[in-house]
Amino acid sequence: MKTQESMPTTKVARSAKFIETGFRIGGNYVKHFSKKLFNPDLSRDELNEDNAEDIYNSLSELKGSALKIAQMLSMDKNVLPKAYVSRFTQSQYNAPPLSGPLIIKTFTKSFGKSPEKIFDTFNLNSIRAASIGQVHVATLNRKKLAIKIQYPGVADSISSDLKLVKPFAFRLLGMNEKELNIYIKEVEERLLEETDYELEVRRSIEFSKACSKLKNVVFPVYYPELSSAKIITMDWVEGMHLKEFLATNPSQKLKNKIGQALWDFYNFQQHELKAVHADPHPGNFLITPDEKLAVIDFGCIKELPENFYQPFFSLILPGFMNNKAKTIKAFRELDMIHDDDNEKQIEFYHKSYKEMISLFALPYRSKTFDFSKPEFFENLYAWGDKIAKMPEFKQPRGVKHFIYVNRTNFGLYMLLNELNATVKTDTFQSKID
Amino acid sequence: MISPEQIKKHYIDYVLTNGEAPKSVYNFAKSLKISESDFYKIYSSFSMIEKKVWEDLTLQTLIKIKEQEVWAQYSSREKMLSFFYSYIEVLKTQRSFIIYTLKNHTKRLATPDVLSEVKPLFENFAEDIINEGIDSGELTERKFISKHYKDALWIQFAFIINFWIDDDSAAFEKTDEAIERGINVSFDLFKKSPLDNLFEYGKFLSRNSKFREKMGI
Chain L
1 MKTQESMPTT KVARSAKFIE TGFRIGGNYV KHFSKKLFNP DLSRDELNED
51 NAEDIYNSLS ELKGSALKIA QMLSMDKNVL PKAYVSRFTQ SQYNAPPLSG
101 PLIIKTFTKS FGKSPEKIFD TFNLNSIRAA SIGQVHVATL NRKKLAIKIQ
151 YPGVADSISS DLKLVKPFAF RLLGMNEKEL NIYIKEVEER LLEETDYELE
201 VRRSIEFSKA CSKLKNVVFP VYYPELSSAK IITMDWVEGM HLKEFLATNP
251 SQKLKNKIGQ ALWDFYNFQQ HELKAVHADP HPGNFLITPD EKLAVIDFGC
301 IKELPENFYQ PFFSLILPGF MNNKAKTIKA FRELDMIHDD DNEKQIEFYH
351 KSYKEMISLF ALPYRSKTFD FSKPEFFENL YAWGDKIAKM PEFKQPRGVK
401 HFIYVNRTNF GLYMLLNELN ATVKTDTFQS KID
Chain Z
434 MISPEQIKKH YIDYVLTNGE APKSVYNFAK SLKISESDFY KIYSSFSMIE
484 KKVWEDLTLQ TLIKIKEQEV WAQYSSREKM LSFFYSYIEV LKTQRSFIIY
534 TLKNHTKRLA TPDVLSEVKP LFENFAEDII NEGIDSGELT ERKFISKHYK
584 DALWIQFAFI INFWIDDDSA AFEKTDEAIE RGINVSFDLF KKSPLDNLFE
634 YGKFLSRNSK FREKMGI
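For the protein sequence lines, the chains are L and Z, in the order given.
Here the first sequence stands for residues 1 to 433, numbered as in the working numbering.
Here the second sequence stands for residues 434 to 650, numbered as in the working numbering.
So that you can see chain Z by itself, here it is in the shape it has in the complex (with noise of 0.2 Å):
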C-alpha cells in the first residue's frame, strides 16, 4: 500500500521535472505503479496534494517554533517574528514548488485556494499569540477591532510570502528586512497608543456636559 506521503514526494517530483501537472490522475496513478482508485483513496484530486504541502510546512514550522527553549520567553511580537523567520527557512527547503503552486493565482489580494487549509491554522496561532498578547497587557484590546487583529497578521503573511517570492537578495536578507518590519509595524499599530488616549480623552470631554456648554458645543 502506498502512503500519502509518498504519493506527495512523488507529485513533487513530477510537476519540477515537468514544469506542470500530470495530465490526469489515471496518468498519475499510472506512473505510481498504483490504481487510479489507490489514489482516489488518499488524495481527492491534485490540488490536494498542493494544499497538504502547504498545510504540511506550516505545522512544521509551528511544531519547531515551540520546541526552541526561548520560545516561553518571547512576548507575543517575537512569537510573531520567530514564526515567519522560521517559517521562512521551512519554505525554502521547498521553494520551486511554493513558487509553482502560487504561479497561477494572480489575483494577489485574494487568498490562493492553494493556502485554504494554512490559514485557519495560521489564524488559530495567531489568535492564541494576540490573546496572550492582551492579557500580558502588551497588546491592547479595542472594541470591534481586536478582533480583526488577526486579518491583519494574514495580510502580513501573504505580503511576506509574495517579498520572498520576488526576492534576490543573498540569503534572502530583505525578507527578513521586510519581516522585522513589517510585523513591528503591526505589532506597534496592535498595542496602546497616543491615539487611544486622544480617543479616551474626546470621550472623558463629550461626557463632561459642563465643559460643552462652557466651550459652546
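Excised from the complex, chain L in its bound form (with noise of 0.2 Å):
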C-alpha cells in the first residue's frame, strides 16, 4: 500500500481540497451537459460514477472525519445514486498510512517507549486503514496483538471538517443546510467521541462483557494498559472480511448462522441495553475460522434515550399502527409531525410515515426474514427515491436520535443482504412498556 504522502491538514488547506473537489463536480455537470447535448438519451449514471470518484479521491485524502463522513454517506445507500456507493464503499477499507517515525513519536509521547521497546515485534507498516487511525500488528508474549493508532490532530479538525462538508454534502442530498444543525451536532458528538480511544477501550470492555452470552458472537481482548488517548492494544483476530467470507463460497447454513450473529448482536443491543454499536460498516467485523462473528471496534456507540426507545419500536408493534390516534401521538413523540403542521399536513405525513415504517419494519412482521429477497430492498430503494423527490420532505424531520438508529438497522439489513442470509427476526423483543 502507497503510504500517504501528503496530509492537508489546516483548515485552509482543507478548504482548498473541498474547493478542488467543488471545481471538479463543476466540471462533471458540464461534461455532462455537453454530451447530453449530442446525446439526449444519456442518463445521468456517468455524472453521478464521476462526482462519486471525486468526491471520493478528495475525502480519503483528508481522513479523519472527513472519511468518516464518507462511510456515513455510504451507509445510506437509499438516499445517494448507486454510483455513489460504490465509491464510498471503499473508503471502508482503503486510506493511505502515514509514516514510521510519526507512530514512533506517537508511541513516545503516550508511554515514554518506543514501539519495539513495549512489544516484542512491531510491525512499523501498518496492515490497514481505520478511518480516524490505523491498525499494526505486534506480538507479546507470543500473543499476536492488533494495535489502532490514531491520526494525530483528528479531534481537533473534526469541526473544522464538518464546517466544511455541511453545505457540500447536503448539497449533495438536496437538503436545505440551515435546519439540520441540530442533526449536524449529533454527527459531531459521536464524531468527537470515536476520537477518545480511552473511551472506546472502556466500552468495548463494557459491550464485550454485555453481549458474552449470545451465540456465536465473539469480541477481542482489550489492554487498557497498553492503550492510551491514541492507542488501542486488543487482540488480534483471524478472520475474514466480508467480501472474502463470501468469496470462499460459503454454505447458506452457515451464511444464515453469521446472520442470525449478526441479528442477535444488534438486537440484543437495542432492547436489552438501549445503546448499540451504530457503525454497521463491514469493516468493523470479521469472519473467524470457526465461523463465528467477531466484533472489532465499538467506537461509535448511540444509547437510546427512554423518550426515543418507547415511541420508536412501539411503532413496529403488530397492530399499534391500526391505532390511528396512537400512531400520530407516537409521531408528535418523535418529532415527526410538527405542532405546526395543519390537518392537511398530519394527515400526510401520517400516511407517508405509517408506509415507511411498515416497509422498514416487514422483517419484524414474521418469525424469520429472507434478506436475500431484492424485492424487499427494491421497495426500500423506490420508496427512498420517491420521498427524495418529495417537496414535504425537503426539510427533514424526526428528533436527532433517528440519525444513528437509523444507519444502525438500515447498515444491518444491508449486511444481511450481501449474506443473503435468513434469521430468525424474534429472537430480541422489544419492551415497551
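In case anyone wonders, no lab produced these hints; they're calculated from the structure.
Mixed in with the good hints there might be a few duds.
Listed below are the simulated DSBU-like cross-link pairs for lysine-lysine, each with C-alpha atoms no more than 35 Å apart in a straight line [unchecked claim]:
#	chain 1	residue 1	chain 2	residue 2
1	Z	576	L	113
2	Z	442	L	113
3	L	109	Z	576
4	L	117	Z	441
5	Z	499	Z	463
6	Z	552	L	144
7	Z	525	L	113
8	Z	552	L	109
Every value quoted in this text rests on a predicted model; they were computed, and no experiment measured them.
Once you've looked at the hints, go ahead and assemble the two chains, each given alone in its own frame, into the complex.
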C-alpha cells in the first residue's frame, strides 16, 4: 500500500481540497450537459460516477472525520445514487497510512517508550486503515496483537471538517443546510466520541462483557494498560471480512448462522442494553475460522433514551399502527409530525410515515425473514427515490436520534442482504411498557 | 578548572532567571568565581555559548536517531521525518532558552547567527540522506536542481522551528502535523514526478526533427 504523501490538515488546506472537488464536480456537470447536447438519452449514471469518484478521492485524502462522513454517506444507500455508493464503500477499507517516525513519536508520547521496547515485535507498516487511525500488528509474550493508532489532530479537525462538508454534503443530498444543524451536532458529538480512545477501550470491555452470552459472537480482549488516548491495544483476531468470506462460497447454512449472529448482536443491544454499536459497516466485523462473528470496533455507540425508545419501537409492534390516534401521538413524540402542522399535513405525514415504517419493519412482521429477497430492498430504494423528489420531505423531520438508529438498522439490513441470510427475527423482543 | 559544560549550564540558568544576558563577561565570570581569562579560554563570547547549546542539541539528536533499531530500514523520507520528530523532543528540554536565543532574531528569512554551527551539521546530514535516496532510486537526480534539495530542507528546518515556537497546541501536536506534511511535500518534489516525464518528452520531441517539420515548428 502506498504511504500517504500529503495530509492536508489546516483548515485552509482542507478548504482548498473541498474547493478543488467543487470545481471538479462543476466540471463533471459541464461535461455531462455538453455530452447530453449530442446524446439526449445519456443517463445521469456516468455523471454520478464521475462525481462520486472525485468526492471519494478528495475525502479519502482528507482522512479523519471527512473519511468518516464518506462512510456515513455510504451507509445511506437509499438516499444516494448507486454510483456514489460503490465509490464510498471503498473508503471503508482503503486510506493511505502515516509515516513510521510519526508512529514511533506517538508511542513515545503515550508511554515514554518506542513500540519495539514495549512489544516483542512491532510492524511499522500498518496493515489497514481504520478511518481515524490505522492498525498495526505486534506480538507480546507470543500473543499476536492489533494496535490501533489514531492520526494526530483528528479531534481538532472534526469541527472544521464538518463545517466544510456541510454545505457540500447536503447539496449532494439536496437538502437545506440551516435546518440540519441539530443533526450535524449529533454527528459531531458521535465523531468526537470516536476520537476518545480511552472511552472506546472502556466501552469495548463493557459491551463485550454484556454481549458475552450471545451465541456465535466473539470479541477481542482489550488491554487498557497498553492503551492511551491515541492508542488501543487488543488481541489480533484472525478472520475474513465479509467480502472475502463470501468469495469462499460459504454454505447457506453458514451464511444464515453469521447473519443470525449479526441480527442477535444488534437486537440484543437495542432492546436489552438500549445502547447500540452504531457503525455497522463491513470493516468492523470479521468472520473467524471457527465460523463466528467477531466485532472489532466499538468507536461509535449510540445510546437510546427512553423517550425515543418507547415511541420508536412501539411503532413496530404488531397492530400498533392500526390505532391512528396512538400512531400520531408517537409520531409527534418523535417530531415526525410538528406541532404547527395543519390537518392536511398531519394526514399526509401520517400516511407517508406509516407506509415507510410498514416497509421498514417488514422483517419484524414474521418469525423469520429472508434478506436475500431483492424486492424488499427495491421497495426501500423506490420509496427513498420517491420521497427524495417530494417537496414535503425536502426539510428533515424527526428527532436527532434517527440518524444513528436508522443508519444502524439500515446498515444491518444491508449486511444481511449481502450475506443473503435468512434469520429468525423474533430472538429479542422490544421492551415496550 | 571549570568545564565548558558548567559554564554553559550556568549561562542558561542566568539567562532564564534574569530574562537577559549578563551585563558583561567580567560580571558573569565573577558570579562563577572564575577569572575573565578562564572564561575566554573556553568561549570567546556569550553568543558562542548560545551557538554551542544549539550545536549540542543538534548533535544529540543526530546520535539519538541513528541509534534507533529501525534506522537502517528507514527510507530517506522517513529518516528526515525521524530527525525532526526527535529534534523537537530534544529542543523541548531547553524550550525557554531556545525561544530566548531566537527572540532577537527578527529577519525570519535569513539564517539567525545563533544557528551558524547548526546549519552545516544539518546540511551534511541532509546531503547524506538525499544521496542515499538518489542511490536507492527513492529520489530523482536532476541536473542543477538536486544539489539544492538540501537548501529546500534547510528552509523546512527554519519553518518547523518557527512553527514550534509559536505552537500552543497540547503536546505540540500541531508541530507534528507540520512536520509530517512539510517533509512529505518536500520529498514528493524530490522524487520522480510527471513533470520530469513531460520534460523528457519535450526534449525528445524537440530532438525529433521530422516531427517538428510536420508540426510546422
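So, going through the hints one by one against the coordinates:
{"no.": "1", "hint": "Z:576 with L:113", "in the structure": "violated, 43 Å"}
{"no.": "2", "hint": "Z:442 with L:113", "in the structure": "holds, 27 Å"}
{"no.": "3", "hint": "L:109 with Z:576", "in the structure": "violated, 41 Å"}
{"no.": "4", "hint": "L:117 with Z:441", "in the structure": "holds, 33 Å"}
{"no.": "5", "hint": "Z:499 with Z:463", "in the structure": "violated, 41 Å"}
{"no.": "6", "hint": "Z:552 with L:144", "in the structure": "violated, 44 Å"}
{"no.": "7", "hint": "Z:525 with L:113", "in the structure": "holds, 17 Å"}
{"no.": "8", "hint": "Z:552 with L:109", "in the structure": "holds, 28 Å"}
This entry does not satisfy hints 1, 3, 5, 6, going by the numbered hints stated previously.
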